[in-house]
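Engineer: Sequence:
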Amino acid sequence: MPQQAAPSASSTLLMYGMLILIFVVMYFFMIRPQKKREKEAAAMRHALEVGDEIITIGGIVGTVVSLRDDTIVIETGSDRSKIRILRSSVQANNTASERNAASAPAKKK
Numbered sequence: 425m426p427q428q429a430a431p432s433a434s435s436t437l438l439m440y441g442m443l444i445l446i447f448v449v450m451y452f453f454m455i456r457p458q459k460k461r462e463k464e465a466a467a468m469r470h471a472l473e474v475g476d477e478i479i480t481i482g483g484i485v486g487t488v489v490s491l492r493d494d495t496i497v498i499e500t501g502s503d504r505s506k507i508r509i510l511r512s513s514v515q516a517n518n519t520a521s522e523r524n525a526a527s528a529p530a531k532k533k
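Positions in the sequence shown are counted from 1; adding 424 to them yields the working numbering.
Hints were generated in silico from the structure; no laboratory data involved.
Just to be clear, a hint being listed does not mean it is correct.
[Said to hold, decoys possible] Restraint ranges, calculated between C-beta atoms of paired labels, are given here: (1) THR487 <-> VAL448: 39 to 47 Å; (2) VAL489 <-> PHE452: 23 to 31 Å; (3) GLU473 <-> PHE453: 47 to 55 Å; (4) GLU522 <-> ALA465: 17 to 25 Å; (5) ASN518 <-> SER490: 14 to 22 Å; (6) MET442 <-> GLN515: 50 to 58 Å; (7) LEU443 <-> THR519: 43 to 51 Å; (8) SER502 <-> ALA466: 26 to 34 Å; (9) ARG492 <-> ALA516: 29 to 37 Å; (10) PHE452 <-> GLN515: 22 to 30 Å; (11) ILE444 <-> ALA466: 28 to 36 Å; (12) VAL489 <-> ASN524: 50 to 58 Å; (13) LYS459 <-> ASP493: 32 to 40 Å; (14) LYS506 <-> ALA466: 18 to 26 Å.
Nothing here was measured: the structure is a model prediction, and the numbers come from that model.
Idealized CB from N, CA, C, for every residue including glycine.
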């Protein structure tokens with residue numbers, strides 16, 4: 425039987441170095457942007473005001489009627505039904521998006 429050479433220390437270090445590099449790249453391309461999006465979503469939910477038009481994660485569109493610590497009451501539909509939802513279930517704030525879009529051209533001038 426032929427004898428196999430033992431792996432050298434440099435090849436072992438190279439293998440561990442590549443493994444660490446993969447984790448660093450994965451952090452910068454996957455984990456860090458996700459945390460940034462989560463932080464922006466939390467800031468959007470915290471900045472909600474009465475009268476804002478929102479979209480929930482379930483696709484319900486409504487207007488904010490009242491705010492509490494972790495719940496929101498929205499008014500939706502033609503019969504103006506009121507629904508109490510969790511603040512964490514808000515996906516988008518249409519009113520804030522419109523405000524930002526309106527102020528963006530003014531800032532460019």
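Engineer: Next, verify each hint and record whether it holds.
Structural biologist: Going down the list of hints, with the structure as the test:
| no. | hint | verdict |
| --- | --- | --- |
| 1 | THR487 <-> VAL448: 39 to 47 Å | holds (45 Å) |
| 2 | VAL489 <-> PHE452: 23 to 31 Å | violated (42 Å) |
| 3 | GLU473 <-> PHE453: 47 to 55 Å | violated (35 Å) |
| 4 | GLU522 <-> ALA465: 17 to 25 Å | holds (18 Å) |
| 5 | ASN518 <-> SER490: 14 to 22 Å | holds (18 Å) |
| 6 | MET442 <-> GLN515: 50 to 58 Å | violated (39 Å) |
| 7 | LEU443 <-> THR519: 43 to 51 Å | holds (47 Å) |
| 8 | SER502 <-> ALA466: 26 to 34 Å | holds (32 Å) |
| 9 | ARG492 <-> ALA516: 29 to 37 Å | violated (20 Å) |
| 10 | PHE452 <-> GLN515: 22 to 30 Å | holds (26 Å) |
| 11 | ILE444 <-> ALA466: 28 to 36 Å | holds (31 Å) |
| 12 | VAL489 <-> ASN524: 50 to 58 Å | violated (23 Å) |
| 13 | LYS459 <-> ASP493: 32 to 40 Å | violated (23 Å) |
| 14 | LYS506 <-> ALA466: 18 to 26 Å | holds (25 Å) |
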